[in-house]
Each structure stands twice: as C-alpha cells, then as structure tokens.
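With chain A fixed as given, assemble chain B onto it according to the hints.
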Amino acid sequence: MSTERENPGHMTPEQHDRIRLAAPAEPQPGPRADEPPLRHDRWHRVVSARRKKILTTAILVIVAIAFLIPFYWLLISALRPGNRIFADAGQFFPTTITLSNFQALFQETPILVWLANSMILAVGSVIGSLLVVTMAAYALAKLNFPFRNAIFVGVLASQMLPFHLLLIPLFILLINLSLIDTHLGVILPALAHAFGLFYMRQYILGLPQDVFDAARVDGASEYRIFFQIVVPMVKPAMATLAIIFSLEQWNDLLWPLIVMRSEENYPLAVGITSLVGLYRSRWDLVMTASVIAVVPIMILFFLMRKQFINGLGQLGTGGR
Amino acid sequence: METITMGNTATKDRVRTPFFHHPYVVAAVFLLPFLIVFGVFRIWAVANAVVMSFQEMEGIGVARWTGFDNYVRLLSDATFITALKNTAFYTAGTLLILIPLPLVLAAVLRSSLVARASAFRSTIFLPVLTSLVVVGVVFSLLLATNGLLNSFLGLFGVPPLRWLEARNLAVPAMIIMAVWRWTGINVIYFTTGLANIPRDMYESAAVDGAGAIRKFWNISVPLSKPIILFVTVLTIFGGMQLFVEPFILWGTGGGPGQGGLSVVVYLYRTAFTSFQLGYASAIGVVLALIIVTLSLVVLKVFGFFKRD
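If you read the sequences in order, they're chains A and B. Mapping of the first sequence onto numbering that gives the first Met the number 0: residues 0 to 319, in sequence order. Mapping of the second sequence onto numbering that gives the first Met the number 0: residues 0 to 307, in sequence order.
The hints are simulated quantities; they were obtained by calculation from the structure and are not laboratory data. Note that the coordinates shown come from a computational prediction; the quantities given were computed from them, not determined experimentally. Be aware that one or more of the hints could be misleading.
Within a straight-line C-alpha distance of at most 27 angstroms, the following computed DSS-like cross-link-like pairs (lysine-lysine) qualify [what the hints assert, rightly or not]:
hint : chain 1 : residue 1 : chain 2 : residue 2
1    : A       : 51        : B       : 214
2    : A       : 305       : B       : 224
3    : A       : 52        : A       : 305
4    : B       : 299       : A       : 52
5    : B       : 299       : B       : 84
6    : B       : 299       : B       : 224
7    : B       : 214       : B       : 224
8    : A       : 305       : A       : 234
Now the stretches of chain A that chain B is said to cover, found in silico as 3 or more residues with beta-carbon under 8 angstroms [as the list claims (entries may be wrong)]:
hint : stretch
9    : 76 to 88
10   : 149 to 163
11   : 219 to 230
12   : 265 to 275
13   : 288 to 298
Virtual Cβ for every residue (Gly too), placed ideally from N, Cα, C.
Extracted from the complex, chain A is given alone in its bound form (with noise of 0.2 angstroms):
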C-alpha cells in the first residue's frame, strides 16, 4: 500500500482516469514520464493474467482429475472380472470388461429389496421430517405462546450433543416399542430435525407479515393459514430440506445397522457393509452394489445442481 504511494511513476487506476477525464480531447503535450511505463505495464497485466488465468485453471484441472479417479476406479473396478479386482488394484485401464458381476448380484443378493428399503426410509424420513418440522418452525416463527423463544433455543442447544451419546438408549427403547426391525424404527428417531426446524424458522421469518395480517383479518384459522397459505409458500425452503433429508437418510450407516436385523430391511448402505463383512472376497459383489448406491444420488444432483448445492451451501451460513 505505502509502497505504492511513494513510487511517482505508478498511478492508481483511480488517478488514471481522473487525468483522463480532465483532459479528454487534448493531445498530450508530449511524452510524460509515467505513461509509457503505465502502458507497457497494463499490456504485461493482461498478458500475465491470461497466463495466470491458464496456470490455475490448468492446476484446477488436475485437481479435479483427482477429485473424479475414485468415481472412475469405483466404475471401472465393478466392471472387472471378479477374482481381478483386488489383483489388478494399481492398474489404471483395465484389460477385460465385464457385465457379469452385475448379473451375480441380481442372483446373489436382494440388491433390489435394499434400493427399495433405501427409498422408502428416504421418502418417509422426508415426508415426516417435513410436516413435523414445518409446523413447529410455524408456531415458532409466528404464533405468540409462553416460553417460546426458551423452547428454540433449547432445541438448538441440544444440537451439541452428538447422536452416538443415543445410541444405546434408543436401542433399547426401540426393543420396548417393537420397532426393532422395522422402518419406521429408523425413521422416527431423526424427524424432530433441528437444523430443519432452525431453517425453516428463518424462512417464514422472511415470509411477509401483511399476508398473514391480511389472512387473519379475513377470519380464517391458524390451521387454514398454515395449510392455505404457509405450506405454498414455503416450497423452496421444503425442497432444500428434502434433499438435505434424504442425502443424510440415504447415506446413514450407523443407526440403520444397528435397527435393521434381517436381510430384507437392510437398506443399501447396510447390505453393502454386510457384504463387505460376509464375505471378504466377493468384491465383485461389493463394487457392484456400491455403484448402484452411488447412480441414483448423481442422477438427482445432475438434475437439480443448483438446488443441492445452495441447499448444502445454505447450511454454512445457518440458513441466511
């Protein structure tokens, strides 16, 4: 900055244009000291910068490359003959291709079953977290009752507690309720979402006052209200909390595994880690049924980009 002041043959951009403006149509009276620097310099920016430009893009590129390589190597590997698998690890292009382990695990497993368990629990949690949490985040946006703030608050704070501290009693209060086993038993521990409450909250925030006022006045009911007019109006805020749900629904490990006993409740990423533990040399299994795990998630992003990624971004800024 000083340094910049303190060089006379250097113009700000801003100090530029001010003599330019002065004096527009005046020729200038010979050569002054400053200028041919000043366009030797901006000829060298631009071409320094397209450089520059070509530099990152190219060190980008690479980036992304490596960022790609496990989606390539998850492909590629399910499409090896199966005893190659392992054997061929470091072999980038492989030499035989092959559709046969798809074909095995058709036969071999209920890879179908675990895709349908995957959505149901997907959509359920979705449906259910939605309307749970979008009438709470309502009474708490806009109706007036005792201790309202203190009860946000409280379900924001509780946030800080991680979910494996749960784990345990859940389990047993799942066996006291017969839900073991079953989907709703994955389901319900997660609807009460908080962030989903949290940004929800702040969205019918935004919504405006004078419709609300407005619907009051006319007489109708808080009930009408929320169904007539909330509901429509909150649909982006439903759509981005949909993917956030079912991404975080789709890709749980943990809570699935230790509700779901029985083959045919194993949703994809508990049949998968069952493979993975059955059976240690069936990586044809393994790989194949990952990529089915993987296809219908890039299918969505690839047909809702910007939603995922402002839905996702969204939550770093808590919603604003």
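Chain B alone, transformed into the frame defined by chain A:
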C-alpha cells in the same frame, strides 16, 4: 405489535373461541409432534444414556448400579486410550487440511483466475454425495498395497506403503479419504461466506495496490471468520464421531494393531458385540463431554461469546 393483537383476540373471544382455536392450543397442536419426538428420542434418551453410564446391564432391562465404576475402568482402559488418540489424531489432521485447502480453493474459484469455476465446484462437490460406505469400499482398493495410490507414488520412486495394514498409516489413510469426501462441501460453505463480503472492500484494496494474496489474507480470511468457526466446529464433531470409514475398512476389530480403532467403533463394539451397555454408555458420555468442551473452547477462542 403482533403480541398485542393476539392478546386482544384471546381476551375478547375467550368465551366464543372453540377449544382448538385458542391461541395456546393452536400453538400446542403445531408444536407437539416435534416436541414429543424430540423429547422422547433426544432429551429422554440423553438422560437415559447418562443414567446407564452409572450402571451395568445384566440383560435388557436388568440394571445394577455401579457408581463411577465404568468411568474408573475407562481411565485405565488401554484400548479406549488408543481409540481416543486415533480419533484425536484424525480430527487434528482433518482440521489442518480441511479448512485451509477449501478456503483457498473457494477464493481461487471466486477470483477471475479460473475459467468455468462452477464446473470445478460441482466436480469437487461430487464426493459429498457419496455414501461413506462407498467411500470406504473404493478407498480400500485405491489404498491397497498394490493399489492405485501406491502405483502413482511408485512413479516418483516411493516404495509401496501399507496404508491399510500398518498401524501408523491407518489414520493418515482415513485423513486422505476425509479430504476427498469433505473438501467439496467446505468449498461450498466458504464460497457462500466469501459471497457475503462486500465487493467494494476488494476494490478499494486493489486501489491501494494490494495483490491477490494480500487481499486473501487481509480481507477474505478475517471476514470469513464466522464460516471458519462453523466449519471448525463441524469438523470437530464429524472427526470425533468417526465411525463408518474404519468400520468398513476393518470392521469392529480396529485394524492393524488397533491403529484404525475410533472411539465410536469401540463404543459400537462394546455395546453391540460384547453387550456391555453400561460401559458403552460411559464411553459415549465421555466422548460427548470431550466434543462439547472442545467446541466451547473453539467458540471461546474465536470470541464467539463476545457480543458487540
């Protein structure tokens, strides 16, 4: 303002208002589903976990009070200490990489130095969508002794490393996986944060002759403090609760010489393969205390509690 109108309707219409339209009843109807689920599956469960940590379970539902026995035992449990060390090492490693690297990437991707920045952002983001189970599966191939990473390192003359079979390489292997899995989401967090910094700050810095690196250090980094704080706490939470990766790579065994044993894997093993539910609860409570303390210390150091 809202309070006054609501209060008025409440008193005026008290006689006429049907039960389900009383303001407090309305609030209760909207809130109760959440609060019941929350109360049972969180509050009650946490309280129960604490209670159980002072007990030893002799079968489901039969508990015997043992006072602080579980905690005393924990202090001298060498396996627990190992698991805690591994987990702390892992968390520290992820903090050291997963904050500076994504912050720099986010800044570079926001600058004019890159063509097609959003395509890069999406590419780096893809691993975030991948189930940790699949991450574990793929990296058990990539990090195998005859795997791709070693083939690549071999080009530079590095002898094959036994990433998944050597005690002291288990945690670094998991850090490599974490960098792949989480860089993308942190880039997105930091990008959102950087987008909130007013453009004219950069412009006036440019007028003062600050270069890209100076602008990054003097504007981007300090003004990203709230997001850095958020990501730090999130990384501590995620790191200390490490489970899926070691579980996929080594099962409940903990890997070579317990080098890949995390605290939550040890908790899982204690609870669901040796069925010592009380002792496992004590592990959970201690880990929770560590996580909460660490987070509070971080928040304090960052000056989060200073309101101005």
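The hints, checked one at a time:
| no. | hint | result |
| --- | --- | --- |
| 1 | A/51 x B/214 | holds, 17 angstroms |
| 2 | A/305 x B/224 | holds, 25 angstroms |
| 3 | A/52 x A/305 | holds, 25 angstroms |
| 4 | B/299 x A/52 | violated, 40 angstroms |
| 5 | B/299 x B/84 | holds, 24 angstroms |
| 6 | B/299 x B/224 | holds, 13 angstroms |
| 7 | B/214 x B/224 | holds, 15 angstroms |
| 8 | A/305 x A/234 | holds, 16 angstroms |
| 9 | 76 to 88 | holds (count 5) |
| 10 | 149 to 163 | holds (count 8) |
| 11 | 219 to 230 | holds (count 4) |
| 12 | 265 to 275 | holds (count 5) |
| 13 | 288 to 298 | holds (count 5) |
Figure legend: structure checked against the earlier numbered hints; the only hint not met is number 4.
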